[in-house]
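Residue 37 in the numbering used here sits at position 37 of the sequence shown; the count goes up by one each step and never skips.
Do not take every clue at face value.
Claimed, not checked - Heads up, simulated SDA-like pairs for lysine to any residue below, C-alpha to C-alpha not over 20 Å straight-line:
id	residue 1	residue 2
1	Lys152	Ala67
2	Lys110	Ala96
3	Lys110	Arg19
4	Lys110	Phe63
5	Lys152	Ser137
6	Lys110	Ala100
7	Lys152	Asp74
8	Lys110	Ala87
9	Lys110	Asp127
Calculated directly from the structure, the hints in this document are not laboratory data.
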Amino acid sequence: MLDGPAGAGKSTVAQEVSRRLDLPFLDTGAIYRAITLVMLRRRIPAEDSPQLQDALRDFSVSFEGGAVMLGDEDVTSAIRTPEIDGAVSSYSALPAVRSALLGIQREQAKNGLVAEGRDMGTVVFPDACLKIFLTASPESRAMRRYEERVLKGEPADYGEILDAVNRRDGLDSGREIAPLRRAPGAILLDTTDLTFDQVVDRVMEYAEGV
């Protein structure tokens, strides 16, 4: 299980590790982003309400060939926008949202998997055989986000992205429900000065030692 702050590279690392280990990959961040997209589309505020509960009951997300599907709609790109970046922490902090999605996540783990998020080792899978806390400096994480958007041809401002990263860190670490923190027994892996391949190799070494 890989936990850590936004932009630490958890998703791409977890996907490659799952491929090498031939295990399913659970993109928990995409699940929370998908529910955030639903809420924003329906203009449901980030607070407990009958409308929120109805949306959670209707929520259905799946992963098909690397695509994130909301029902029959491919929302892979739609959930990776600055608007979603700015709103996902508010919705993911709601007890009703976390409770509704907890079962979805645990259901996937029957035969083993690789998962990433912010509370995989502390809340969702506290008994996981391997827990890693993946982190990097805010500046490094902001630069990665900046470069990703530039490569996609999207508008990108490094200063704004850095501000968003720091704001997200504060929200994730300070929330009352499942705050971002290193789980007991989790290995700390700082990726600031490591390449992607070096990070993956390091995680594989840990996995092979379990």
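task = Please flag the earlier hints that this structure goes against, numbers listed from lowest up.
result = Hints 2, 5, 8 not satisfied by this model.
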